[in-house]
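Protein chains in written order, with the working numbering: chain A, 1 to 475; chain D, 1 to 222.
Keep in mind that the hints were calculated from the coordinates and are not lab data. Glycine included, C-beta positions come from ideal geometry on N, C-alpha and C. Heads up, some of the hints might be wrong.
List time: in silico EDC-like cross-link candidates among lysine to aspartate or glutamate, alpha-carbon distance up to 20 Å [unchecked claim]:
id, chain 1, residue 1, chain 2, residue 2
1, A, LYS36, D, GLU202
2, D, LYS184, A, GLU221
3, A, LYS180, A, GLU221
4, D, LYS184, A, ASP84
5, A, LYS34, D, GLU204
6, D, LYS184, A, GLU296
7, A, LYS192, D, GLU204
8, D, LYS147, A, GLU291
9, D, LYS147, A, GLU221
10, D, LYS147, D, ASP116
11, A, LYS171, D, GLU202
12, A, LYS28, D, GLU202
13, D, LYS57, A, ASP46
Where chain A lies over chain D, by a calculated footprint (3+ residues, C-beta under 8 Å) [said to hold, decoys possible]:
id, stretch
14, 14 to 27
15, 109 to 123
16, 135 to 146
17, 158 to 172
18, 189 to 203
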Amino acid sequence: MGSQSPVSFQERVRRALSDQRLRAALAKASENFKVKRTTVFAEMDDLAAQGLTLGTRDQLKAEGRRIRQHVIDHLDAYVKQAADSIRSRGGQVHYAADAHDVGQIVKQICAAKEARTLVKSKSMASEEVHLNAVLQAAGLNVVETDLGEYIIQIDGETPSHLIVPAIHKNKQQVAETLSKVAGEALPADSQKLTAFARGRLRELFLQADIGISGANFVIAETGTVLLISNEGNARLVTSLPKTHIVICGFEKIIPTIEDAAVLVSLLPRSATGQKLSVYTSLVTGIPGPGEADGPEELHVIFLDNGRTNIVGTEFEETLYCIRCAACLNVCPVYRNIGGHAYGGVYSGPIGAVLTPLLNGLEEWKELPYASSLCMACYEACPMGIHLHEHLLNLRKRAVEQRLPPWYEKVAMKALAWLWSSPRRYKAVTSLGRLAQRLSGGWYPPPLSHWTRSREFPKIAEKSFRERWSEINGAE
Amino acid sequence: MALSEQEFLARIAARRGRPVLQAPPPRPGHTRSRPVPPPNMASREAMTEWFMRELAKLSGTAELATSLDAAGAAAAARIARERSTGEVILWDDPIALAARPHLERMGFVSRVWPVDRRTCAQAVAGLTTALFGVAETGSIALAASEKAGRLVSLLPPLHVAIVPTSRLLATAGDYFKTLGTFGKMPAAINLVTGPSRTADIELELSIGVHGPANLHVVLYHD
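Chain D on its own, in the form it takes in the complex (with noise of 0.2 Å):
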């Protein structure tokens, strides 16, 4: 019956012959980079434009509002456009509860997490704040917390994301350098890059399989 740890290292270091090795050695000529912005990219509007353009390639939709309470009316709008009444599932965060008056005006039920996973399942809508937005790719990153669960991006069939622009990085790269400065990683952190899609059946795009089909960024300049 399976390996020990000791068993295990121990036919990997045997293969090597030398004793298990108790700690990974410093890497020659290895620093460990932190995120610098780019040097042309410094300006929010253009790293607004640039992930808003990439967003758009996906078949996400994205829109820039004037304020916080513009941009949870526009978070509103957008969910009224899919359906006219029903659940919306928020996060409990100031950013995504900016939503909520608009919603509760315009006749939906909100709901804010936690709620259980068939409530969720059966919404019309979740709607969450992005931790970061990177403009290279168009992507969010949402982070799991008490107050944020993993299932209101993932099960209702449009996700909206409210994200302030201060927020955004660059790039990719930036965002996993930026993850390096954490202290301690949260349970779970997804990088969203645009709606649900896959290309199993003849290489055909189909948008929407497992997660939310619809995928909508509201950003504001905070």
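The following block holds chain A by itself, in its conformation from the complex (with noise of 0.2 Å):
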């Protein structure tokens, strides 16, 4: 699936940039997470001088990424322990491919079930399939239950953020989506919306037959799906319909509960601030006999789609990912042109890094690109990925796979000559003087689209080597 938009990627990025309020926004809120994650993490820094907490963020982040690497580092091992520790406490595993198995596998335990409704709490895993489309065309009513996710399900759109969905949205236009649902016009007062989507949302948790979730960990050793949420919609999705269907990338996998105090410590303070999100929810296997409330059928659907092909390359590490969006927000290209410009599911340094592994470099080679290369991403992730290197590694590859324009080709081929041989280089550089000197600081096109927003540097009026000469007094 992941095809693009047939919108292209210079229009995206022009059409973000042309939008005032979304740069606003987009500004607000990357700077505001920014602050929290320095803040909430310098103070565990100090709790740790006390000896009062696990670690510093640096200790915490080795250890995590130690975790991490060794999960991705054997993970057949690690899925067939956690596919058995599910099974043995009644749980259900499957195993997709790609996009069509989701399909096929949600749709049968739909049938099964004679499911109608499905709530929803977000799964990224389930937005790379473009899971709901699926159902929805099978004629199922599927609800996203998080809140920012709700709104833009309305109105057909995707998420612009990774913790804020609606992000690009303000309150006037949440309003008129939400409008539509109430048949009546609500006012642009975000407590007054929370609720009415709180009385919508919690008649449909009521009724529905299956709620779907995705798992921020799943725990090899027992079998235990780990959500964490500040709403509370993954509570009632994982606790109020007769089955409940995790979708996830099945390198999500951590080894054991002790694990997940170092993930945990990490995920929210990363992702927004928070010491912990409200509610750190371990699910594990059906309820036992005598208990009233809980699913009765449980189903784990590991998603693959594209993850195996990156295991064993370069890119490996970008498995390491929490999908924490701590890289969003520092990113400087992020957060200019936000979450849609990207036009994958995943935006910001991981998402340029993963949509075009995950999707193909060929239909995304543009992404790599939207990076200053400033090294923000690595510095805030908090599995210490190096997103910048990827980044250029994929630009190589693109170059290898001669997917950039001819004309640059033939360019870098002629420059390669021409710079071979001192003699060589020393007329280009002379006629380029020259050249420079006549035009007046104008350049022919396809120049002209570099130095419309930069300066075209001024060749020195003697090059090194004719100064080396001067100096030496001899050629």
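Two independent chains are provided; combine them into the complex using the hints.
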């Protein structure tokens, strides 16, 4: 799936950049998250100095990375262990190679349960495979219950931020959206709009046949699904409907509950600057005999969708990602263009790397260029993923696959020939100097694309070689 | 149609150029850590104070009662501040049930879990007992069982939890490490850190989205 939208990357960026309201919202949100994250980690470092918590940010980051690396190095073994643990607690495990498989598996479960209404809490893996569209086409009623996701689902939009999916909408726009559902005009007041959504969704929760969630982590040793949410919708999704389906990338596994101590200490702090989100839910199998609530059936779908192709490559550490979105909030490119311009499900630096890796570089070759390579993403990443290197490596790959335009290839070949001999190099610089003097700062296309927003550096009056020979008095 | 487990695992192993690993190998230098109470947080008073301070930062409220019975009375009094009549759902647990006589005396109808979901959704409040409290984050841990329904702390607009201070842990790390010592995980255990919240509309904080808007914790020294 993951095919490009009909609008080109350049056009998506242009639209985002000309949307002043979007840019103001992005600036506010990303700055807000960035400041909160820095503050909450500083507090953790203080506590660590007093021996009052697990460790400093750097210590936990190193430990978290070790945990994720160990899992990714032995993914087959951990998938097997997780599956065995889930089954031992009465759950069922399914394996999906791609979007089509996920759709088939979920539709089969729906058919078996004669389900009509499904409530969903956030699952990026299901976004990846565009599950809602598949289920709606099959006549099923699927409702997103995270407030932001609910709002954008009504308008048929995709998330523009991993953590705040409706960041591109202001109160007025949210009020217009929810008014369509209400059948009356709702005020542009965030408390009142939230209360409306709560009432609306509560009724759906009570009726829903199936709940679908993602997983922040799956604990291999116990078969536990770990879910983090602030609103409580993940708890409702996993408590009220009689069937619970978990859809997650198979790389989300961690070995033990103790490992969750490290990763949960990092995730909300990196994501929203909270020490913990409001609800950290651990769901293990189906309820025991006599338990009056909780699902009777649990299905866990491990999704591949291109992940296996990353295993064993130089990009492997991108599978350590815990989807905190810290890299989005610090990225100067994301902060200006927002999530939709990236065109894929994941945005920001991690999206610029993951989308081409999961969906094919051919179609997504512009994305690795949506970066200034300032390394702020690497600094912010709680798993220490070298995002800037992966962006460069993807650019290299794009070049090797001859994906750049023909004139760039011809120009590069010509340059390589001209600069490979000192005489030719000297001739080119002299010629360039002359041309620059004559043109008076005007450049023909395609150079003018580059100089529209940049100063072309003036070629020095005398080259280094010339000055060197003057000082040394000899050629 | 979907892959079998063997096919799925074989695809991953093939990328490594080896057969499928049957079990995860030991982790070099890794020892299973156990929770150790931090040296200067040993006193229960200090942990209680820390817990209450942290929860207050999250728009939750907490108070310290002198005994279990006083805790039950305090829980009932908190519910009475919300509404003067109605149904309150309680976990079938000696600590939560300490509030029952006080609730009845105040004119509330107390219903002990299990109750059906609609009854639970219409209740004034849900009353539970925390398995642990976490001081660092002001969190309470709620484990589900046949006597302790998930919905009690989730559907009513007010959730009151009673926590003996002997159950306080210093950090969230200690919480996960303690769970690691459990032979068997409960089917559901939730670490609750403040009332339900969202900032999905223009990053403005709204309290009480899907979960309770009000969270009150009554602690007592046991």
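Hints, verified against the model:
| no. | hint | result |
| --- | --- | --- |
| 1 | A:LYS36 / D:GLU202 | holds (16 Å) |
| 2 | D:LYS184 / A:GLU221 | holds (11 Å) |
| 3 | A:LYS180 / A:GLU221 | violated (46 Å) |
| 4 | D:LYS184 / A:ASP84 | holds (15 Å) |
| 5 | A:LYS34 / D:GLU204 | holds (16 Å) |
| 6 | D:LYS184 / A:GLU296 | holds (19 Å) |
| 7 | A:LYS192 / D:GLU204 | holds (12 Å) |
| 8 | D:LYS147 / A:GLU291 | holds (7 Å) |
| 9 | D:LYS147 / A:GLU221 | violated (26 Å) |
| 10 | D:LYS147 / D:ASP116 | holds (14 Å) |
| 11 | A:LYS171 / D:GLU202 | holds (6 Å) |
| 12 | A:LYS28 / D:GLU202 | holds (9 Å) |
| 13 | D:LYS57 / A:ASP46 | holds (18 Å) |
| 14 | 14 to 27 | holds (count 10) |
| 15 | 109 to 123 | holds (count 5) |
| 16 | 135 to 146 | holds (count 6) |
| 17 | 158 to 172 | holds (count 3) |
| 18 | 189 to 203 | holds (count 15) |
Comparing the model with each earlier hint shows violations of hints 3 and 9; every other hint is respected.
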